[in-house]
Amino acid sequence: MSEASLERIPWTEKHRPKSLDEIVGQKKAVEAIRKWIEDVRAGKKVKPLLLYGPPGTGKTSAAYAIARELDMEIVEVNASDVRNREHLSKLLEGLTARSLFTGKRRMILFDEIDALPSEARTIASILREILKRAPVPIVLTANDPYEQGLAQLRGLTTMVQFTRLRWTTVYAVLRRIAQREGVRLPETALKAIAQNSKGDLRAAINDLEAVAKGSRELVGAVGRLFGSRDVEKNIFELMRAIFLGKNCRYATWMTMNVDVDPDMILRWVEENVPLVYKSPKTLALAYEYLSRADVFRGRIVRTQSWRLLAYANEMATLGVCSAKLTTGEQTGYVRFSFPSWVKQASATVQSRRTIREVSLQLAKRYHVSSKVVAREILPLIKAALGDRPAKVIEFARRHGLDPEALQSALENVREVS
Amino acid sequence: MRIGPSDRHLIIFRESLNEEPGGMNLAFELWIEKYRPKKLDDVVDQKEVVDALKGFVAKGSIPHLLFAGPAGTGKTTTAIALAHEFFGEGETFRRNYMELNASDERGIDTIRTKVKDFARAMPFGDAPFKIIHLDEADSMTADAQHALRRVMELYSDNVRFILACNYSSKIIEPIQSRTAVFRFNPLPDEAIKERLRFIAENEGVSYEEEGLDAIVYVAEGDLRRAINLLQTASAFGKVVDATLVYKVAGIASPQEVRDMIQLALKGDFMRARATLRDLMITYGMSAEDIVRQLHREIMALPNLSDAVKAELAYHIGEADFRLTEGSHGDIQLSALLAKLAAVGGRA
Numbered sequence: 001m002s003e004a005s006l007e008r009i010p011w012t013e014k015h016r017p018k019s020l021d022e023i024v025g026q027k028k029a030v031e032a033i034r035k036w037i038e039d040v041r042a043g044k045k046v047k048p049l050l051l052y053g054p055p056g057t058g059k060t061s062a063a064y065a066i067a068r069e070l071d072m073e074i075v076e077v078n079a080s081d082v083r084n085r086e087h088l089s090k091l092l093e094g095l096t097a098r099s100l101f102t103g104k105r106r107m108i109l110f111d112e113i114d115a116l117p118s119e120a121r122t123i124a125s126i127l128r129e130i131l132k133r134a135p136v137p138i139v140l141t142a143n144d145p146y147e148q149g150l151a152q153l154r155g156l157t158t159m160v161q162f163t164r165l166r167w168t169t170v171y172a173v174l175r176r177i178a179q180r181e182g183v184r185l186p187e188t189a190l191k192a193i194a195q196n197s198k199g200d201l202r203a204a205i206n207d208l209e210a211v212a213k214g215s216r217e218l219v220g221a222v223g224r225l226f227g228s229r230d231v232e233k234n235i236f237e238l239m240r241a242i243f244l245g246k247n248c249r250y251a252t253w254m255t256m257n258v259d260v261d262p263d264m265i266l267r268w269v270e271e272n273v274p275l276v277y278k279s280p281k282t283l284a285l286a287y288e289y290l291s292r293a294d295v296f297r298g299r300i301v302r303t304q305s306w307r308l309l310a311y312a313n314e315m316a317t318l319g320v321c322s323a324k325l326t327t328g329e330q331t332g333y334v335r336f337s338f339p340s341w342v343k344q345a346s347a348t349v350q351s352r353r354t355i356r357e358v359s360l361q362l363a364k365r366y367h368v369s370s371k372v373v374a375r376e377i378l379p380l381i382k383a384a385l386g387d388r389p390a391k392v393i394e395f396a397r398r399h400g401l402d403p404e405a406l407q408s409a410l411e412n413v414r415e416v417s
Numbered sequence: 001m002r003i004g005p006s007d008r009h010l011i012i013f014r015e016s017l018n019e020e021p022g023g024m025n026l027a028f029e030l031w032i033e034k035y036r037p038k039k040l041d042d043v044v045d046q047k048e049v050v051d052a053l054k055g056f057v058a059k060g061s062i063p064h065l066l067f068a069g070p071a072g073t074g075k076t077t078t079a080i081a082l083a084h085e086f087f088g089e090g091e092t093f094r095r096n097y098m099e100l101n102a103s104d105e106r107g108i109d110t111i112r113t114k115v116k117d118f119a120r121a122m123p124f125g126d127a128p129f130k131i132i133h134l135d136e137a138d139s140m141t142a143d144a145q146h147a148l149r150r151v152m153e154l155y156s157d158n159v160r161f162i163l164a165c166n167y168s169s170k171i172i173e174p175i176q177s178r179t180a181v182f183r184f185n186p187l188p189d190e191a192i193k194e195r196l197r198f199i200a201e202n203e204g205v206s207y208e209e210e211g212l213d214a215i216v217y218v219a220e221g222d223l224r225r226a227i228n229l230l231q232t233a234s235a236f237g238k239v240v241d242a243t244l245v246y247k248v249a250g251i252a253s254p255q256e257v258r259d260m261i262q263l264a265l266k267g268d269f270m271r272a273r274a275t276l277r278d279l280m281i282t283y284g285m286s287a288e289d290i291v292r293q294l295h296r297e298i299m300a301l302p303n304l305s306d307a308v309k310a311e312l313a314y315h316i317g318e319a320d321f322r323l324t325e326g327s328h329g330d331i332q333l334s335a336l337l338a339k340l341a342a343v344g345g346r347a
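In order, the protein sequence lines correspond to chains A and B. Count the first sequence with my numbering and you get residues 1 to 417, in order. Count the second sequence with my numbering and you get residues 1 to 347, in order.
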């Protein structure tokens, strides 16, 4: 621990690029930024700059580099500032003046605006206000500017895209940092960290620091252990092991050592079984094991006997994997698919709860169980009341229901199209 | 906003006012309530049961009763009608008759408390006893049923129980032996259709014959479901036809299920599974509903041998059982479709 306190600045800060030239792998973005800087210098009226792209690709670093090139001081506006209007207006009032301490002019940075999509409207109005008042350069960053809430912001800004870094680029940076820090790590470890980072340089540097400081024993297993940063990659490896591999026990081993929700594993296997197994015999055999694994899932959930999980995983992996060996079906490479069921079905949990609560209250009234209300009577009420809120409120009042709960239950009752 | 029991009576009272000719017909009324037979004699198609019960009424005493039969065959209606014959209308009825649904009450303790509170007080008016109608009694565990038996005995001076269930075999023997058991048979399609026609004419609903047939198909002998479907369909469309009925029933038309079966038997598993997911997610059908419909349609297939059907019966039954055991209905049904594909490949 004392070692850690000596080295308090995280490497991601310590080795942050100081100028635009030091930002790696973003040639086009840097060009666009330089053009914008020239316009600011020339005193032109510029739109705010929106830097967007995946995490760890250099957006925030670029923003600070811009300030340095313009010799300005950054005023960072964060989420809580946006919510606190009073604080914000004070902050904005002093903007045009030079900094009291440094005498520098100022630039505004809204970092990670998509972290607060609900505030996007507020941010947009703040931007308009600032632009109206004074020509202060503004920079914003976002991971996903195509998030719905950000539509207004997109129109107000000049957008600059940061792309995911290639692993070789990440690797080169890691090697440079390792050298500067005097850390000796095998090439394979640096390579594993770089490849696992999925183009996120910040994550890679954090991993490097973790390995370098005290966690040296992790080096050998770095590929596996840092895998948890990359759930998707693990899943794909698991799919390959199950559907393409001959060593089925490796697949089982992976389910124990990979940080993926067991239910998700079941879903992934189920989605991809028919994509890989073409013969009906193999398909039926594989599905038989999935069905049994699911029965065990049911038992686990009902009795909370998590020790049964090992059996369920073995059926889902050993069973499905060995099906092709039993029938002798040759499998070839396929593009594994994300379980569509998960996407489609995940939205319905909350709505089922509302429906159940309302149904319970209506059940007595109609001499039936809540199941019957949910299945037969709510659709009927929905049909009869239609899209007339006044009717819904009136009905709720008559039956002693919370109008909002009723409205929500009716909205979630199956749509008749 | 929650209201107490007394308020609820007020509301029911007000709604009955609205039914009066010339009353402001603001209340939205369920036809299953409006057309619920008020007297034992009006109960549809359960003549033997009704005759026996009328004998009890005439003698002024009833034993504990067990009504066994599928949903929508008149168990609840008969219980209410019987209570009315004993208690008449109004306050005597309301204060002496209580209804509980075992599947909606959490645990035997709730039931015991409610039953105890209700049974402790003497019958209201000159009624000889109170009546407790416990619906879906077969959803109770054996332990809970034993506890219930004790309660029945403890308060048998004051209270008669009417237990309703789908399967009498799921009721423990000590209870069966203390009750008079009445079986309610599934209603014949013709009886359901006749009732639907009566309500439709009365309510001025236009319908096509195929529309009523579709309701009968979906309802499977369940008159309540049939009437609810008729009312829902008539709220949606001007004419109740088959397409509309399948839509509002949230059920695949028999054709869609048949198509899914054929896809699986042909070995086109991917499309069969896509259809299945569509039925479950878009239509919101439950896995239980689908497996029942699959069963019905597969057994009716003309081009499968009896030997193959026997094998499929095993697989469908196994899937049905695993549905109750497992946690993901869609996986169980997909596994069944894969079985169909394998069997279809051999046949």
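Heads up, a few of these hints could be off.
As the list claims (entries may be wrong) - The calculated DSSO-like cross-link candidates involving lysine-lysine, where the alpha carbons are at most 30 angstroms apart (straight line), are:
| # | chain 1 | residue 1 | chain 2 | residue 2 |
| --- | --- | --- | --- | --- |
| 1 | B | K266 | A | K371 |
| 2 | A | K371 | B | K59 |
| 3 | B | K238 | A | K371 |
| 4 | A | K44 | A | K132 |
Hints are computed from structural coordinates only; laboratory data are not their basis.
These are the hints, each one checked on the structure:
1. K266/B to K371/A: Measuring from Cα to Cα gives roughly 36 angstroms; hence the hint is violated.
2. K371/A to K59/B: violated (37 angstroms)
3. K238/B to K371/A: Holds, at roughly 28 angstroms.
4. K44/A to K132/A: holds (14 angstroms)
Violated hints for the displayed structure, listed by number in ascending order: 1 and 2.
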